[in-house]
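Novice: Chain residues, written in single-letter form:
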Amino acid sequence: MHVVDANPPRVILDAGGQAPLLPVAREAFIAALDEGWADPRRLHAEGRRARLLLDGAREAIAAVVGARTDEVDLAPSHTAALHAAVRDVTRGRRRSGSDVVVSAVERAAVLNAAQFTAARSTTVQVTTAQVATAQSTTTHPAGSRVTVGVDRSGRVDADAFCQAVRQPGVALAALQHANGEVGTRQPVEQVHAAARSAGVPLLVDAGASLGHVDVGQSWDLLAAGAGDFGGPSGIGVLVTRTGVRRSPDRPEDEDRWFPGGVSVPAAIAAAVALQSAHADREQADRDRRALVDLLRRRVAAEVPDVDVVGDPEDRLPHVLTFSCLYVDGEALVTALDARGYAVGSGSACTSSALEPSHVLAAMGVLTHGNVRIALPRGTARHDVERFCDDLPGVVAELRDRAGVTGL
Amino acid sequence: MSEQPDGEVVDARGLVCPAPIVRLARAARGRPAGTLLTVLATDPAAEVDVPAWARMRGHTVVRSRREDDGVLAVTVQIG
Chain S
1 MHVVDANPPR VILDAGGQAP LLPVAREAFI AALDEGWADP RRLHAEGRRA
51 RLLLDGAREA IAAVVGARTD EVDLAPSHTA ALHAAVRDVT RGRRRSGSDV
101 VVSAVERAAV LNAAQFTAAR STTVQVTTAQ VATAQSTTTH PAGSRVTVGV
151 DRSGRVDADA FCQAVRQPGV ALAALQHANG EVGTRQPVEQ VHAAARSAGV
201 PLLVDAGASL GHVDVGQSWD LLAAGAGDFG GPSGIGVLVT RTGVRRSPDR
251 PEDEDRWFPG GVSVPAAIAA AVALQSAHAD REQADRDRRA LVDLLRRRVA
301 AEVPDVDVVG DPEDRLPHVL TFSCLYVDGE ALVTALDARG YAVGSGSACT
351 SSALEPSHVL AAMGVLTHGN VRIALPRGTA RHDVERFCDD LPGVVAELRD
401 RAGVTGL
Chain Y
1 MSEQPDGEVV DARGLVCPAP IVRLARAARG RPAGTLLTVL ATDPAAEVDV
51 PAWARMRGHT VVRSRREDDG VLAVTVQIG
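Protein sequences, first through last, are from chains S and Y.
Position 120 (the first sequence) corresponds to 120 in the numbering used here; numbering is contiguous.
Position 40 (the second sequence) corresponds to 40 in the numbering used here; numbering is contiguous.
Please note: incorrect hints may appear among the correct ones.
Unchecked claim - What follows is a list of derived Cβ distance ranges for each label pair:
#1 Y:E8 / S:S247: 58 to 64 Å
#2 Y:R65 / S:P9: 48 to 54 Å
#3 S:R297 / Y:T60: 27 to 33 Å
#4 S:P304 / Y:S64: 24 to 30 Å
#5 S:D314 / Y:T60: 26 to 32 Å
#6 S:R250 / Y:R63: 44 to 50 Å
#7 Y:R65 / S:R152: 21 to 27 Å
Just so you know, these hints were derived from the structure itself, not from any lab.
Ideal Cβ positions, reconstructed from N, Cα and C, are used throughout, including at glycine.
Please construct the entire structure, taking both the sequences and the accompanying hints into account.
Specialist: Okay, structure coming up:
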């Protein structure tokens, strides 16, 4: 008798932002609940042990990214790390300027923080020591978020970005290492050289890259989230090179850059996840790069009227995005989910704001019917092949149901 | 002076993606090359999706403008 499996095994193809927790990170997390439960600010033995574990996590992360331990700060999220980087550097450099240069395809956290900080003027009050009542007040004018466009593949115009960075009044430049939605890598080396010669710090959002590819040394601030490399949620990483001027844009706290600190067990699990990802990075790159090549080829060949986007070569190993003409993105995600596949989407109907992905919009590619794939480590080839086998039928069925076949 | 004609108007106001593109594609079906169609849309995705659809189908966007009431009007020449 033929038995139909009512519950197909789940195939996770949506590891962007939050990958499945790596088994070693899970073990480390559980062990740290016993070892590192205490408040690391306390002076007793348990508190000191938690502090030691937390510092060890920072040290391990520093070693992977090629930084000093005291350059690594842990944040409660990737978003918090990016917000703090933009806010604290623009505040620290308010005498140099208040413009923030960004690419059009940065994460919303970067774009929004740049808008937020650039748009407000800052007032600096200096109380002279000699006469306590005499204050000299300097108001720095509001700046702008300078947004540099991208080409059809999602790569920023490097010359335009460098030119924008060289203008007077720039407090900070921010360029992602690679785009997490479409996989395209950005020209961070060229931009960092221009920023350095202009004396402008460069924030590189390596959220989609860290643990997956070598993020290099072309940055002054580096941000990431542990969920992206198989760590737990609730840990962001911000690495700030010594010498980058920043000033806390928030009330005072013992944890100066991220008030309240972070969960010690989560920090340890994040560090273990990054070490593990770093150790098998080349193998994971080869395996997943081949699977994305397979996906790209088969989706383009077997699904009619599909826009497969992003740079096919100079890209992240695990990310692929495509859009199916006339198909509702939400219906597509739901239909694939019903067949056991977890995929993401940048279509407007899949976002609560009903706005399409700003990345796809900046690239000028189709935003509806969008499927965003980010393969977790260890994705099996047969699962990807099964997805490729099933996708054309799912898309055809949705088009038939909507009466758009042959349009 | 003569303003460039907009051709037939496809009213997709109030529809959300992918419905405006579907309505436009239906209107475009079987039209001879050179035909002008102007789609009116309020869906934020239409601003990107109409030109992307035109590119995929070999049509040309000849004009794109935002009306005073916020409605997007894109004129496409069938290729």
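Novice: Hint by hint, note whether the structure agrees.
Specialist: We went through each hint and held it up to the structure:
Between E8 (chain Y) and S247 (chain S) the beta carbons are some 59 Å apart, a value that agrees with the proposed interval 58 to 64 Å. In this structure, R65 (chain Y) and P9 (chain S) meet the distance hint of 48 to 54 Å, their C-beta atoms being roughly 50 Å apart. For the pair R297 (chain S) and T60 (chain Y), the beta carbons lie near 30 Å from each other, so the given range of 27 to 33 Å is met. At roughly 27 Å, the beta carbons of P304 (chain S) and S64 (chain Y) sit within the given window of 24 to 30 Å.
Checked against the hint of 26 to 32 Å, the C-beta distance between D314 (chain S) and T60 (chain Y) comes to roughly 30 Å, which is consistent with it. The hint said 44 to 50 Å for the Cβ distance between R250 (chain S) and R63 (chain Y), and at roughly 48 Å that hint holds. A beta carbon spacing of about 23 Å between R65 (chain Y) and R152 (chain S) agrees with the range 21 to 27 Å that was offered as a hint.
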